[in-house]
Each structure stands twice: as structure tokens, then as C-alpha cells.
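Hints given; two lone chains; assemble the complex.
One-letter residues, chain by chain:
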Amino acid sequence: MGVTELLSQYGDKYIQALFTTWKLTALAFAIAFVIGVLVTVMRVSPLKPLRVVGDIYVHIFRNIPGASLLIILVYALPYLNVVWSYFTCVLIAVSLIPAAFCSEYLMAGINTIDIGQIEAARSIGMTFTQVISKVVIPQALRASVLPLTNLLVATMLTTALASQVPLNPRDLTGLVAHINTHAVGGITAFVISAALYCATAVVIGQIGNRIDRKVRILR
Amino acid sequence: MEKQSKPNTPEQTPVIELRHVDKHYGQLHVLKDINLSVKKGEVVVIIGPSGSGKSTLCRTINRMETINSGEILIDGTAIPQEGKELARLRAQVGMVFQSFNLFAHKTILDNVTLGPTDVLHVPKKEAREEAIKLLKRVGVDTQAAKLPAQLSGGQQQRVAIARSLAMHPKAILFDEPTSALDPEMIGEVLDVMTELAKEGMTMVVVTHEMNFARRVADRVIFMDGGAIIEENTPEEFFTHPNTQRAQDFLNSIKNH
Ligand SMILES: Nc1ncnc2c1ncn2[C@@H]1O[C@H](COP(=O)(O)OP(=O)(O)OP(=O)(O)O)[C@@H](O)[C@H]1O
Ligand SMILES: [Mg+2]
Numbered sequence: 004m005g006v007t008e009l010l011s012q013y014g015d016k017y018i019q020a021l022f023t024t025w026k027l028t029a030l031a032f033a034i035a036f037v038i039g040v041l042v043t044v045m046r047v048s049p050l051k052p053l054r055v056v057g058d059i060y061v062h063i064f065r066n067i068p069g070a071s072l073l074i075i076l077v078y079a080l081p082y083l084n085v086v087w088s089y090f091t092c093v094l095i096a097v098s099l100i101p102a103a104f105c106s107e108y109l110m111a112g113i114n115t116i117d118i119g120q121i122e123a124a125r126s127i128g129m130t131f132t133q134v135i136s137k138v139v140i141p142q143a144l145r146a147s148v149l150p151l152t153n154l155l156v157a158t159m160l161t162t163a164l165a166s167q168v169p170l171n172p173r174d175l176t177g178l179v180a181h182i183n184t185h186a187v188g189g190i191t192a193f194v195i196s197a198a199l200y201c202a203t204a205v206v207i208g209q210i211g212n213r214i215d216r217k218v219r220i221l222r
Numbered sequence: 397m398e399k400q401s402k403p404n405t406p407e408q409t410p411v412i413e414l415r416h417v418d419k420h421y422g423q424l425h426v427l428k429d430i431n432l433s434v435k436k437g438e439v440v441v442i443i444g445p446s447g448s449g450k451s452t453l454c455r456t457i458n459r460m461e462t463i464n465s466g467e468i469l470i471d472g473t474a475i476p477q478e479g480k481e482l483a484r485l486r487a488q489v490g491m492v493f494q495s496f497n498l499f500a501h502k503t504i505l506d507n508v509t510l511g512p513t514d515v516l517h518v519p520k521k522e523a524r525e526e527a528i529k530l531l532k533r534v535g536v537d538t539q540a541a542k543l544p545a546q547l548s549g550g551q552q553q554r555v556a557i558a559r560s561l562a563m564h565p566k567a568i569l570f571d572e573p574t575s576a577l578d579p580e581m582i583g584e585v586l587d588v589m590t591e592l593a594k595e596g597m598t599m600v601v602v603t604h605e606m607n608f609a610r611r612v613a614d615r616v617i618f619m620d621g622g623a624i625i626e627e628n629t630p631e632e633f634f635t636h637p638n639t640q641r642a643q644d645f646l647n648s649i650k651n652h
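One line per chain: the protein sequences are A and E, in this order. When we follow the working numbering, the leftmost residue of the first sequence carries the number 4, and every step to the right adds one. When we follow the working numbering, the leftmost residue of the second sequence carries the number 397, and every step to the right adds one.
One chain only, chain E, in its complex shape (with noise of 0.2 Å):
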């Protein structure tokens, strides 16, 4: 995998790159001409109004959605259509939804080892000592022998997290991972992101929790109506945005 980036620059290849990229349900334009650029360790945070494309741009990031053009990279390799390449690829960028979505049948253990074991080949014994580590991090090794059913939101979600990280993706995408979740629960999930930022995770995160946009990102993306509408520091952007768009949306937001 790794012979296909170039030999010389690997630092200033961007992690996600997205060139004039657009697309279409149908007579629906919901992505237009997007053009993101990731670095190593970057997080950037992914705001904008219902329906503005938030969801699908992450979506695209992994292919989960197929796009009509322009082009999508992955530290430096555009992504492959389909198939085995794809798989392949898509497990080097993880992705974290509003619904947890842990296997429902496995154990928290074995939804964290399935990806290491069957995709990446890692010996089982080895898959279950890096699971346990990994679900320590995120505070649920207690739970590992449960299943997901028996778990509070938030906990599925940090073991989403881990399931993730197992896979030592070079990008994790989170589409609003606290959005599900009772209010009392949505801290204990932002803590495990935040310390993920610090630790240098490459981060891609759809969100309405504006504090943590504030205190973490080192870019905010504003969307609306598909389109990448302002791009800018958090500072900048909470306390006097480029664009009226934005602003109008911050308003909006503040008066609930």
C-alpha cells in the first residue's frame, strides 16, 4: 500500500483531498464543486443547516456514496471504484455515524476485532490485547463481554470509536456521533474526540456541538445548499464569519 505515495513528500500529501467534486440525486445538485484539502492531523469541523450536504460529503469521503464527478484522494491515491481495492481503502479511513451502529450479535470485544482479524488479518490473540487497550482508552473495558444492546448510548458510541481506531485508519469522518444522544452522554463522547485531536488523529467531524467545533477544530467548513459557502478559523468564524450565510446560521442557532 504504501509503495503507491510518492517517495519524496509524504508529509505534504494531503490525508483527504477533494477536487471539484459534484453530485447528483437525481434532478437534486447536493454537493457542488467541493474542494477540501485535509492535512495530517488536522481536524475539521463540518458545519451548516439541515439538508445542506454535511452527511453526504462525509459519506463520499469513503465512497459509501458514488459521486458524478471530480475526484477524490486519500493520501495521494485516488480512490478505487469497487471491489477489493476499495474495501482495501476504505479500511484505512474510519468512520463514526449518529447511530452507533455496533454489530448487534457481537460481543463490544468482537466489534472491536472483527476489522483488525478479518480485514487486516491480525492474529486473533494480538486483535483481543489491542481491542482491550483500545476500549480502555474509550473507558468500556469493563463492558467488553456485553453486547451492544446492553450498553448506554454513549458507551456504544465510544466503542464505535474503538472499533475505529483498531483499524489504525489515517482519517476517522464523524457524522454528528452525538447527535443520538441524551444530553448527559454527549460529554463523555466529546472527551474521547477531543483527546483524540490531541493525539494527532486526522479528523473529519459533521457537528452541531459548537463549543466543541470552537475548542478543537483548527478549521471550520460552513455548507449550505451543497455548497462549501466559508472556510475559516474557528475564532474567526464564531465571532465575525465572512459570510451573512453564516452569520444568519449562527444566529438561528443561538436563539434556541
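Next up, chain A with everything else stripped away, as it sits in the complex (with noise of 0.2 Å):
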């Protein structure tokens, strides 16, 4: 099938596709980034035990494939009668895994910061809280735009792992995969997809640089 044949076909579907995809990376993102920021919380806070925590969090979800994540949630948890709609579990294996990596990057984002700030900071008698959420993440967030823009946009092509579940509607992995076992769509069916995950990523990469330029701090 030509790319007018498809798009006349399954136009309506890539458009759906395109939304679930957008839908699950905005997701996904907006978990790992709230998991991001309490799990460096905990990093850098003076209790040992939420240091450890963190610590452990990001050394497994760093290093865990995002399909053995999913298959656990998927068929692992069952057996313990925890049941997950497909869409929550692959909501949670896409997020938990880019909250580690958000984690790293808040952490090189900390270590910009010099540590007199935060001395600063405590000495006008600011609480840990305090000196945490005023001083330290708003600039360790300004300082890892570009490292965040980047792990928005892995965290959409790890959403692809949506094509592994029957999910409906479909992400646009997952419509490629149907297309092809109903019609044969060939390397034109995913080159459609392809296009729109690289449209989707030239734009958040313009976004990010946009607001990177914005908020970068000067030195």
C-alpha cells in the first residue's frame, strides 16, 4: 500500500494514534518528573535512610529494561491480585523508569550550584525545606532544561512499548503492528508512524531549547 492508500485507510486511527502516544508521553513525563524531584529530595537530604532509598530507586530503575518492567506489571502482579488496566501499567513501566533518569540529571544540576548559596541560604535562617525548594531545585531545574528535553523525548519513543499490550485505542507503535497483521501496510506503515514521532520530538527539542535560553543562569 502507497502512503495515500494507508493514510486514506487509517488516516482517522494515526491521528488517534498519535493523541494515545502524546497522551502516555505527557503522562508518563509528568510522573517521572514528580518522582524525579522527591527522589533527589531524598538524595540530598540529610537523613541517611531517604538518601539510601533514592539511591537504590535510581540503581534499579536505571537499569531495568522497560519491557521486563512491563511484563511484571503485566503478568507478574496478578498473582499477587494487584490488576492493572494495560494503559496503567504501561503508564507506570514508561514513568518510573525516566524519574531515575530525572533524578540524574537534578543531581548534575545540583553539583552546579555552589554550595555557599545553600550556606547563604541557611545562614537568613531558611529551614532544609526551605532552602531546598527556594534555592537548590530551581536551579538545578534551570540548569538540566536541555538534559530534561532529551528525556522527554526518550520517554516517548519508550512509550512504543504500548505495541506490546492490546491497548485501544492504539499508540502509534502499537497501530503499525495491527496494520500489518490486517493489511499489508510494509515499512510504509511505520515509516508514517516514524514521521510523526520525529515531528513530535523536532518540536519538544525547539521547546526545550527555547526555554533553555530563557531560564539558563548566567555565571
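Think of the hints as simulated: they come from the structure by calculation, not from any bench. Backbone N, C-alpha and C define an ideal beta-carbon position, used for all residues, glycine too. Hints may be right or wrong, so weigh each one.
Stated by the list, open to error - Derived, one-sided and incomplete: chain A residues facing chain E with beta-carbon distance under 8 Å:
#, residue
1, Ile127
2, Thr130
3, Ile140
4, His185
Structure (C-alpha cells):
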């Protein structure tokens, strides 16, 4: 099938799939970001047990393949009487891993902050929570806009894992698999999905660059 | 906070008091039986060779460093161990660092208002108004909307002083406030500090600026090897110090 034929037959489905991919990406990145910030706060906290838990989280989820995590969520958890929808399983699998990377980038951002600023914050009477929320995290975030932009793109590509479970509506990769089992879309079916991934990635990259230029801290 | 100070003799309570303070870094005995009392409005200058423990002493006063034994009282109240209580006490003692340490992501104005709004819970508008007054006082009000990196070192240090003042501290500690500055900017910072001293601010100043010490200090403390070796008036100290070590130190800096 040619591109025009595919689009006339599956155009709606591609749009649906694009939105599913976007939705998974946005939700996963939001969750990853929140967990990433929390884990980072744990890793810099003065309490050793929290630091240890934070480090363990990163070590586990930075090193586990997404597919394994998804298999565990879909096939192993039901044995513990935990049954989640396929969408939830995919969402969790593609959130927990980027969260670990998010924390790594934030830690790198924190390392760019001069310790003197933290002392200055403490010397005006700020508590640990205030130092973290007003001085450390804002600067770490500004320093990690570009890595976090790349992480957002990586998260989007990871959502292709959704093709491994019967999701409805399907994501971009799942749709290609679907088309190729019902018709002969061949490589063309994939090229359309790939183009949509690429276009999204380019837009994300542009926005990321723009934000970075705006918030980057002069030193 | 006021209720903790004794009701009858508030004037006589020293703002800062250290009693038999000792500190070790592992094997290194960095502070040796330090006794120091700073009265309200007094300017105490600490001088001494590199590594003698001046910074460490400064930093123990608001518990940026812990001590191994002894006691530190701020306005008659022992420094709390940690947590919110400690933070509250720190807010009462300002600190100005060699490297300015302004918050790099905040404008000059926000650097000054952050403490008042977030620690003292002063309404934003009020904090802004006062910050602008303080910035005027240290001569950088025209820079209020800029970021720290856009200012010269001398300007940044004056902002750091304004940031301290915004907390209405009972005392301000200065740890070599002009050591990181180009020579032509030292004067502007020392002028602000001299002004503060005249207005009655209680100050502890670690510095190598001997002229400043001579003009502004009420008392000079000479430290060496972690101990206070000599405590004297500036006139006495700079013309005929009581100890040989102080004499040697003064000679060594004169020869530069
Ligand atoms: N965090 C630390 N760990 C171990 N030793 C330290 C630490 N901080 C300072 N010291 C040591 O303690 C001693 C006193 O240091 P301090 O910084 O108080 O000296 P100083 O009088 O301020 O010197 P300078 O004039 O160079 O600033 C020095 O020998 C220094 O090496
Ligand atoms: Mg020092």
C-alpha cells in the first residue's frame, strides 16, 4: 500500500494513535518528573535512610529494561491480586524509568550550584525544606532543561512499549503492528509513524531550546 | 522570641558570647578554648595568619559548624541543636561571605526580599519597599532588576550586606568580605561596613584590611593556631602588641 492509500484508510487511526502516544508521553513525563524531584530531594536530604532509598530507586530503575518492567506489571502483579488496566501498566512502566534519569539530571544540576549559596540560604534562617524548594531545586531545574528535554523525547520513544499489550486506542507503534496484521502496510505504515514521532521530537526540542535560553542562569 | 531573654538586664547581655569553645576536625584542634563576648554595637575585628581558625570561629557563631564542647549564646540564648529553632536563631545573626553567595537565579531585589518574605513572613509589598531602601543605602538600587552575575564583585557584596540587613539581625558576621574583590572595589564595600558600624550595628569582622581595623574596630582579636592569642584595642594592638606572635604577624604583613 502507498502512503495515500494507507492514510485514506487509516488516517483517523493514525491521528488517534498520535494522541495516545502524546497522552502517554505527557502523563509519563509528568509522573517521572514528580517522582524524579522527590527522589532527588531524598538523595540530598540530611537523613541517611532517605538518601539510601533514593539511591536504590535510581540504581534499580536506571538499569531495568522497560520491557521487563512491563512484563512484571502485566503478568506478575496479578499473582499478587493486583490487576491494573493495560494503559496503567504501560504508563507506570514508562514513568518509573525516566524518573530515575530525571533524578540523575537534577543531581547533576545540583552539583553546579555553589555550596556557598546554600550556606547563605541557611544563614538567613531558611529551613532544609526552604533551601531545597527556593534555592536548590529551582537552580537544578534551570541547569537541566536540555537533558530533561532529551528525556521527554526518550520517554516518548519508550511509550512504544505500549505496542506489546492490546491497548485501545493503540499508540503509534501499536497501530503499525495492527495494520500489518490486517493488511500489507509494510514499511510504509511504519514510516508514517516514524515521521509523526520525529515531528513531535523536533517540536519538543525547539521548545526545550527556547526554555533553556530563557531560564539558563548566568554565572 | 523576646520572652526568652531575661527581663531586667537586657542591655548587659552580650549579643554574642562564646564560653570555652573547642572544635576538632578529626585530629586537628581548630578552636582551642575560645572565650569571646561581643556587646551590642561593638565592632570586633579578628585577624590572624591563614589557617588560624578565623573562618571556623565565625561559622560556629551561627552554627554553620558544630562545636565539640563549650557554649555559644546569642543574646543570652544558647544556640539550639538543629531544626526550626536553629533556623530561627540563624535568622538573627547575619553572615557575609568572601564569595558573596548571592542566589544566582534570583534578581537583586529578590535576593534581598527572600529572607523577609519566607523566613520572617513579612508581606511581599512591605518586603519590597524595605529592600529598595536597603539597596539604596548600599548604593545598588539602580541594579534591583538585574541578576547577580550582571553585577561587579563590589556591587554583589553590597547586595549581600543588604540581604543580611533585611533580616534585622542582632549582629552580622563578615568573613573576609573584601578578599575576593578587585582592589578598586574594596573601598566601596568597606565604606558600607564603616557606615554600618557608625550606625551601631554589632559586627564581627574577619579581615586583612588593617586600616579598616584601625579605624573601625572597638577591639582587635588576634588568633593563631586555633587560639585567641591577644585581645586589644586597635591603637594598642597596631602600635605595640602584647605578644611576640602578634608582633611577628604584623611585621610579616607590613613587609608585603
Ligand atoms: N571542613 C574542614 N575539614 C577539615 N579541616 C578543615 C575544614 N575547614 C577548615 N579546616 C582546617 O581548619 C583550620 C582552620 O581553618 P579556617 O578556615 O578557620 O582558617 P582561617 O583562619 O579562616 O584561614 P584563612 O585566612 O586562610 O581563611 C585550617 O587548618 C584548615 O585547614
Ligand atoms: Mg578563612
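Hints, one by one, checked against the model:
The interface hint given for Ile127 of chain A is met, as the beta carbon of that residue sits about 4 Å from the closest beta carbon of chain E, less than 8 Å. Because the closest C-beta pair between Thr130 of chain A and chain E is about 5 Å apart, less than 8 Å, the hint holds. At its closest, the beta carbon of Ile140 of chain A sits 10 Å from a beta carbon of chain E; the interface hint therefore is violated under the 8 Å criterion. Interface hint at His185 of chain A: violated, since its Cβ lies 54 Å from the closest Cβ of chain E, which is beyond the 8 Å cut-off.
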